[in-house]
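**Student:** Residue 987 is where the sequence shown starts when you use the numbering used here, and the numbers rise one by one after that.
Since the hints were derived computationally from the structure, they do not count as laboratory data.
Cβ coordinates follow ideal geometry from the N, Cα and C atoms, glycine included.
A couple of the hints might just be wrong.
Label pairs and their computed distance ranges (CB to CB) [stated by the list, open to error]: (1) L1453 with M1332: 27 to 37 Å; (2) Q1437 with S1382: 15 to 25 Å; (3) T1415 with R1254: 54 to 64 Å.
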Amino acid sequence: MPITFEGVKAKARALAAAPHRPQADDLPPALAALSYDGYRAITFRAEASPRLGRYFSAQLFHRGFLQRKRVDLFLQPRQGPARPIAYAPDLFDLGPELKGRRFSPDLGFAGFRLHFAFEAGAPANQEEVLVFLGASYFRLRGFGQEYGLSARGAAIRTGGPGPEEFPDFTAFWICEPEADAREIEIWALLDAPSLAGAYRFRVAPGDPSVMRVEAALHPRVALDRLGLAPLTSMFLHGANGPGARGAEPFDDFRPQVHDSDGLAVLTRGERLWRPLTNGRAQPQISAFGVDPLEGFGLLQRTRDFPAYLDVQARHEARPGLWVAPEAGFGRGAVQLFEIPSREEYMDNIVAAFVAEAPVPAGAEWPVRYTLTTVDAEPVDVVPGAPARVVSTRVGSAERLRPTTPPSPGRRLYVVDFEGPALPTDRSATLTADVSASAGTLVDPVVEFVPQTGGWRLYVEWRPPTPLPGGDVILRARLIREGKAVTETWDMAV
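Please build the complete structure, drawing on both the sequences and the hints.
**Tutor:** Structure, rendered in structure tokens:
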């Protein structure tokens, strides 16, 4: 019989009603022993791609190296039963390390990627737009963008006192679209020791690309730290350096290296911007209470090549992702988990919504939200205050009579704001509303920046003596005629 999303939900309920059974570690030794380069040398033969209407096709990932777990893949035609996609070595060029090797037809796959023709008049000119590979991770890009941050199906106990769980998508059903459709639907089954679930992804690639996510989650145990709509990214260093007090600078020819430079959180009409930070001695969790959550996202606001100078990585073209909740997001907090890192290939940033009350065992938890790729702002998908923070820079406040070394008791923060709510007349009057959780912010000055058409805040932070052990939170927003005209800059130092 043809499977439906209700059928996938029934599979998830059945999984959750039974004890978790870990996947067998049945990877052949030759694949388990592959080097990084050996695995990258395995390529799918494009001519074998399953065609999905005029505008979509799929390509498959081989198992091996770190991609050890099997994922079952099915095609669901518009009519008729689902068809399993069978593994065959001839689907791949296995590369020099595996030359001449053959593997069993029951090997399966590690994941898949979708290709899409962004130009409606050139259906054969397809580009990669979405990839599912590893645990419950997936990446989505819009037209003209490079892959950057990842989304995940769920985050379980991220940053908690116990070990984190990484759920796996164990099976996918790729639904055949109508011949001329420019949207596609994918169903997935998720499993972990604490949780099982069914997911429906409705994907509309474009500029931007939009993914509507619907999930039915079935906890096997009560979960007090279940992250919904989790996003994972990389921040090495940015305009404010690593960011943490006393952090070691990077000896790098590139001014900035990151896939995201900040977290935006929207609740009750106020939008907050937290610049990302690296260089702490220990991982750090920050929580932003929301009631209700109207949206959040990890964004890449710095979008010009001179800010990065990396010809291959093209960090200026990495997308942001904005989460717009629809169901399952009640009272809780957006949690930001920042892990100190010196390695560019490591994703060290996680953001997710975590409910205030534990998610009970045994019940179905329905969740719906939309993911949208974000390019240069302002864009309609990121609502709230129309003027946004575009950069944060930090340096010594002793510019006229500098000391060597600079005094740690005087630090200057320079925050640039841009957006249509800001006046373009330099004679306009804007003031700053500033606060610090410790120490004092003194002498805030706001001025028009004719080179950009934005406005800049200069404010000096004088830390307390002794410094507190944890982060100090500095906050600022610009005010015109008694009303806030910018989002709230929220900086951890």
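**Student:** Compare the structure with each hint and give your call.
**Tutor:** How the hints compare with the structure:
Roughly 28 Å separates the CB atoms of L1453 and M1332, a value that falls within the hinted 27 to 37 Å. A hinted range of 15 to 25 Å for the beta carbons of Q1437 and S1382 is consistent with their spacing of about 23 Å. Checking the proposed 54 to 64 Å range against T1415 and R1254 shows it is violated: the Cβ atoms sit about 27 Å from each other.
Of the numbered hints listed earlier, the single one contradicted by the structure is hint 3.
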